[in-house]
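S.K.: Below, each chain spelled out in residue letters.
2 protein chains.
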Amino acid sequence: MPPVHCAEVRRPMKKLLIAALIALPGAVGAADDAELLRQAQSHFRPIPASLPTIHDNVVTREKIDLGRMLYFDPRLSASQLISCNTCHNLSTGGDDNLETTIGHGATKRPRNVPTVYNAVFNAVSYWDWRAAGTTARVKGPIESGIEMTNPPEAVEETLRSIPAYVERFRTAFPGSEPPVTFAKVVQAIEAFETTLVTPNARFDQFLNGKLDALTPVEKTGLHLFMDKGCATCHQGINLGGHAYYPFGVFEKPNAEVLPMRDRARFEVSKTTAEHLFRASPLRNIALTTPYFHSGRVWDLKQAVSIMATSQFGAKLEPSQIEAIVAFLETLTGEPPRIELPFLPPSTDKTPPPH
Amino acid sequence: MPPVHCAEVRRPMKKLLIAALIALPGAVGAADDAELLRQAQSHFRPIPASLPTIHDNVVTREKIDLGRMLYFDPRLSASQLISCNTCHNLSTGGDDNLETTIGHGATKRPRNVPTVYNAVFNAVSYWDWRAAGTTARVKGPIESGIEMTNPPEAVEETLRSIPAYVERFRTAFPGSEPPVTFAKVVQAIEAFETTLVTPNARFDQFLNGKLDALTPVEKTGLHLFMDKGCATCHQGINLGGHAYYPFGVFEKPNAEVLPMRDRARFEVSKTTAEHLFRASPLRNIALTTPYFHSGRVWDLKQAVSIMATSQFGAKLEPSQIEAIVAFLETLTGEPPRIELPFLPPSTDKTPPPH
Chain A
1 MPPVHCAEVR RPMKKLLIAA LIALPGAVGA ADDAELLRQA QSHFRPIPAS LPTIHDNVVT
61 REKIDLGRML YFDPRLSASQ LISCNTCHNL STGGDDNLET TIGHGATKRP RNVPTVYNAV
121 FNAVSYWDWR AAGTTARVKG PIESGIEMTN PPEAVEETLR SIPAYVERFR TAFPGSEPPV
181 TFAKVVQAIE AFETTLVTPN ARFDQFLNGK LDALTPVEKT GLHLFMDKGC ATCHQGINLG
241 GHAYYPFGVF EKPNAEVLPM RDRARFEVSK TTAEHLFRAS PLRNIALTTP YFHSGRVWDL
301 KQAVSIMATS QFGAKLEPSQ IEAIVAFLET LTGEPPRIEL PFLPPSTDKT PPPH
Chain B
1 MPPVHCAEVR RPMKKLLIAA LIALPGAVGA ADDAELLRQA QSHFRPIPAS LPTIHDNVVT
61 REKIDLGRML YFDPRLSASQ LISCNTCHNL STGGDDNLET TIGHGATKRP RNVPTVYNAV
121 FNAVSYWDWR AAGTTARVKG PIESGIEMTN PPEAVEETLR SIPAYVERFR TAFPGSEPPV
181 TFAKVVQAIE AFETTLVTPN ARFDQFLNGK LDALTPVEKT GLHLFMDKGC ATCHQGINLG
241 GHAYYPFGVF EKPNAEVLPM RDRARFEVSK TTAEHLFRAS PLRNIALTTP YFHSGRVWDL
301 KQAVSIMATS QFGAKLEPSQ IEAIVAFLET LTGEPPRIEL PFLPPSTDKT PPPH
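Taken in sequence, the protein lines are chains A and B.
Residue numbering for the first sequence follows the numbering used here, starting at 1 and increasing by one per position.
Residue numbering for the second sequence follows the numbering used here, starting at 1 and increasing by one per position.
Chain A extracted, bound-state conformation:
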């Protein structure tokens, strides 16, 4: 799906506002359930039953296994202390649950870490969409001067110094010379990422036709989510992650939530409006506190309330906020079972940490 610019999505938002006048929230009967499902299916898609594919990268068991090793290997960072799993912690919802992340030398990064779970379904990466596609998403943190701070040549030198890794690369990329390249590191991690999906959330069961998978309150929340316009930006498999939008359409949130110095997409493009951020993917949102790019909001109810005020100029009733949060909690899926890799040791040719 090509990324959608915010201007193009205003029409569906209006349609939804009209629909809101017809469909009534509250007690929902069997016919209403079927209608709710039909509407939901027009906005959202369930996580597919089979592993996703990636453009230009055939996913094999061998690549996944190698990618898993690399994902957990702190030697991909200059300090040899930070692995992908340090910030995108697979035990804690695929992120670090901190306000903003801590990078090389305990540098505090300016933005909150997005989850790696289901990231394979996102069309755009980063809060400012500085990179599209999986490749850039995997490369970025390794090279970034304030994250893992390791240039591609250094990553290659490290991995080439470890015979067991060279052997693994040969198995995962048979007949390809030289065996270890940064591009292959990225491909292997991409392949592992296809396994980092959390299917079978109760909302997926509902989307797949199980009408009683959601409680009445959760259905009211789903209805409100579409009705109020949240689904205009938070759509697709991940309920977000496909495009960027202005934060503060009707009213800018306070400077703590939206610090003015972080101009988001504008920092990259220099042409768009300021404060355009990627619509956050909402899968497993209950597991990934705190919220927003600034990471300043720890309570999901408060986050929903801020979104309503800033994006629609609407003040939601407490019961409406509770219903939407109840719906959002149905987006928590089943995590994959991951065996911790046991990594081969460094050799006297491995560059030391710095």
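No false leads were mixed into what you were given.
What follows is a set of in silico ranges between Cβ atoms, one per label pair, in the way DEER data are often shown:
1) A/P178 / B/Q41: 46 to 54 angstroms
2) B/T347 / A/V217: 13 to 21 angstroms
3) A/P163 / B/A34: 32 to 40 angstroms
4) A/P151 / B/E35: 53 to 61 angstroms
5) A/R170 / B/E251: 40 to 48 angstroms
So these bits of chain B aren't anywhere near chain A, every CB distance computed over 12 angstroms:
6) G29
7) A30
8) P48
9) V59
10) R61
11) E62
12) P110
13) T135
14) E157
15) F173
16) T194
17) A201
18) V249
19) G313
20) S319
By construction, these hints were calculated from the structure, which means they are not laboratory data.
Glycine included, every Cβ here is placed at the ideal spot set by N, Cα and C.
The hints should help you fit chain B onto chain A, whose structure is shown.
M.R.: This is chain B only, laid out in the frame that chain A set:
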């Protein structure tokens, strides 16, 4: 086994030196193999086939599972970024493979991290034996102001705020109130540690009577290891980890390897000699570069050479060093298969990171 003071071990060392005049290294025949095994069995013990037990803590599946969750949970630290696994990384030999470890706020700690694998067999903990037994070993890093920096009450408050954890504690410690206490946190992690053993190293196979489990060079290395006196301090299941000894009996290593300001055991006791360190456990030593409490030596050959000079005043031949290193490499065992836990999310009652 009670800890042994260095003075008590001088006699066996002399015996070994006499034995060295009788037994000759080099080509070893069948009769010599049997004799080598007999000698080895007098110094070392294989990792037992069954999981070890702990004093005052009945190990159950439920405690192990809870301990595994806690081991990987960064919320045990004040920053909520550092878990046990950050420094005692189960993917990289049970340590961090750094010179000295990085603690809270990226503080550089003064000493190298020992491996957690097989730590359950160590009689004493820490380089300076500041604490004996498993309990103190588990408590120390959580409370330490330069490691996880979290007081017991804060750990309890965090875990009590998460209903799924409370439920897990109730299952692991049935009928015990209050369900969550720091003592139980420690007991659960202790229970998990009993699974962090690496049996069936080739040296274990040899100790269990499989005479051809070691190559001739490795057997020469084993012979030299006992013959030169290494086994005097590096004995038992872990070839170390049971007592403390002076570093630099014959000659102090250079100030880089043995910085004078770190007086080791003396810092704790104020009564012993300076520079008494715990004899490092040598299991999986090939996986846990760099070496010594200062972490300044990255090459195992150099480490062996330094030990010979400083502890025995002996200059080993390169072939002797290579043989000893070949033997040490046979101490690499089979790591356990560990499934990464998926941790329950924080709630609005969970204290924020700081």
